[in-house]
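When you get a sec, could you build the whole thing from the sequences and use the hints?
Top line first, the protein sequences correspond to chains A and B. Under the working numbering, think of the first position of the first sequence as 982, with each following residue one higher. Under the working numbering, think of the first position of the second sequence as 982, with each following residue one higher.
It is worth saying that the hints were derived from the structure and are not from the lab. Incorrect hints may have been included.
Since copy identity is lost for identical chains, a pair holds within one copy or between any two.
Stated by the list, open to error - Below, a list of computed lysine to any residue pairs in the SDA-like style, where the Cα atoms sit at most 25 angstroms apart:
{"no.": "1", "residue 1": "1169", "residue 2": "1113"}
{"no.": "2", "residue 1": "1169", "residue 2": "1130"}
{"no.": "3", "residue 1": "991", "residue 2": "1015"}
{"no.": "4", "residue 1": "1046", "residue 2": "1155"}
{"no.": "5", "residue 1": "1169", "residue 2": "1179"}
{"no.": "6", "residue 1": "1026", "residue 2": "994"}
{"no.": "7", "residue 1": "1073", "residue 2": "1151"}
{"no.": "8", "residue 1": "1046", "residue 2": "1007"}
These are the residues of each chain, in order.
2 protein chains.
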Amino acid sequence: MNKPDTRIQKKNQAAILDAGLLVFSQFGFRGSTLDQVADEAGLSKPNLLYYFRSKEAIYTSLLAKLLENWLEPLRELDPQGDPVDELMAYAKRKLDMSQHFPRESRLFANEIIQGAPRIGDVLRGELRELVDEIAVVINGWAAEGRIKAVDPYHLIFSIWALTQHYADFDVQVRAILGDVDPFDGAEKHLEAMLHGLLTP
Amino acid sequence: MNKPDTRIQKKNQAAILDAGLLVFSQFGFRGSTLDQVADEAGLSKPNLLYYFRSKEAIYTSLLAKLLENWLEPLRELDPQGDPVDELMAYAKRKLDMSQHFPRESRLFANEIIQGAPRIGDVLRGELRELVDEIAVVINGWAAEGRIKAVDPYHLIFSIWALTQHYADFDVQVRAILGDVDPFDGAEKHLEAMLHGLLTP
DNA sequence: CAATAATTTGACCAACTGGTCAAAGGCAGG
DNA sequence: CCTGCCTTTGACCAGTTGGTCAAATTATTG
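Structure (structure tokens):
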């Protein structure tokens, strides 16, 4: 029964999601209006609602897409690889996302700050399980003496915190750095931090 | 001309600011309504507006108070002290704020994510100057060989990022840690991070 | 206790909100 | 060119929003 989307549908749905991402990531769900999204997408409000059932539908559609990209890098972490390399690679992947998809990061941040009303289940379910698995791996590495003993959970938190900071607090970072590109120094600093934390 | 506030004024203004802090920190300025704040404060909406000119006035009043507490710990950093001790003390001060004043942290986060429309000037002015001064101090310490060479700006960012993460992403952190108190491990991890980053 | 000032409220308003709907406009295949 | 479907829109609606105001209520003070 699902007819494949026409060209026009694809284009407009993409435009709406792109506009929604921009608006929702800045003002959060409650602070955003359909008119803002419609303007940004270059469509009329009723036209938006022809493609999406409701404001909520646009938002949850964005969140769903986001969660995939959010969890994926975690899965790519290879227990067989070199500990420092693996964690560094993960951190860099996250930093790249902050650099190239800051709106996604801010959307996520907004949702969490609001209390994660729509993704709390994923956090307590899928995400937690994933992190638990990785914690086991990291503890294993530490037990083998391949890295220093660290709390794996807080290690992961610090990678998240630092990398997402460059997207979520972009305005503040740039206010302080002036013309210097934040991401130049960020990567080196991230390396230094992980190195100091992990290398025996 | 400024008559001192009566008991009733003090009580109600405090109630309004407390309610405003709760509401604004969760939903941001645009996502919050005066009715929410009024309910939370246990006052009627017109009564709110008897004490504050507008929604904006409540919000900016909160931001002003917040900025003081936000900048103060930075000023307490003593260039004469022991580098690692000083930075560690600063980080712990920030972590304590995240633990005991998470709403303030989230209010700040919301404002920044929105693009800091009301405090951009402070960021580019007062905050930037302060950070610049501290950067000089840190660079001095490094030049004297008392700490490893680090980018002082990104060092400060990582302290901010990590400490505020525990307040702003509280829901996510607790979703992952379950019953474990985040702030137990956080302080130790913060120490480990700074130690690894600073100790030669 | 009366008078004055501070506080609280219900009724109200214009603008905005998310959402509906019937009708009109456009576009493909025959 | 016509038919049928996809797309777009203007008009509209009920509920919410920030904010006003005059009147009522409650302190405070001489």
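Hints and how they fare:
no.	hint	result
1	1169 to 1113	between (28 angstroms within a copy, 20 angstroms between copies)
2	1169 to 1130	both (23 angstroms within a copy, 12 angstroms between copies)
3	991 to 1015	within (19 angstroms within a copy, 39 angstroms between copies)
4	1046 to 1155	between (28 angstroms within a copy, 23 angstroms between copies)
5	1169 to 1179	both (15 angstroms within a copy, 15 angstroms between copies)
6	1026 to 994	within (13 angstroms within a copy, 40 angstroms between copies)
7	1073 to 1151	both (17 angstroms within a copy, 23 angstroms between copies)
8	1046 to 1007	both (18 angstroms within a copy, 23 angstroms between copies)
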